[in-house]
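S.K.: Please model the complete structure; the sequences and the hints are all you need to start from.
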Amino acid sequence: TIESRKQWLEEVKSLWNSFSKNDLDLNTFKDRIQDVRVQALFRRLGVEVEVEHIPGLFNLLDLKGTGFVTVDEFAMAIQMLHGHAKNIDMARLRVAVMSIMDQLKELTALCKDQNIGDG
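For the sequence shown, position 44 matches number 44 in our numbering, and the numbering has no gaps at all.
Check the hints yourself; a few may be wrong.
Heads up, simulated BS3-like pairs for lysine-lysine below, C-alpha to C-alpha not over 27 Å straight-line [to be verified]: (1) 21 x 64; (2) 21 x 6; (3) 13 x 30; (4) 30 x 64.
Treat the hints as calculated values from the structure; they're not laboratory data.
M.R.: Encoded structure:
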């Protein structure tokens, strides 16, 4: 419903504000995520925080791979991390992995043809 969506957005906004008013870097993220109140906000949004996986979680939030997370990336990533993967998500992932595997095979064959990597 619209009300539940508004509530969700308010919770995402609250979580973001607990981190930063600007773009978020890994060091700030590591520092702030230690706060149990911040961890509780993540849990309310359906994302479990494990201290040993903080850098990996940051990388998932950093959708563009810039080393900084913007508020837009943050909201989008939280939405993607919320809940269980859907069948369509898994199918898309499977297709992407197969494509990468095919490209890797082609690259390996090309390298062998060019004698690259033979020492």
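S.K.: Confirm or reject each hint.
M.R.: Okay, the hints, checked on the actual structure:
1. 21 x 64: holds, 19 Å
2. 21 x 6: With Cα atoms ~20 Å apart, residue 21 and residue 6 stay inside 27 Å; holds.
3. 13 x 30: holds, 19 Å
4. 30 x 64: holds, 19 Å
In summary, the structure agrees with every hint in the numbered list given earlier.
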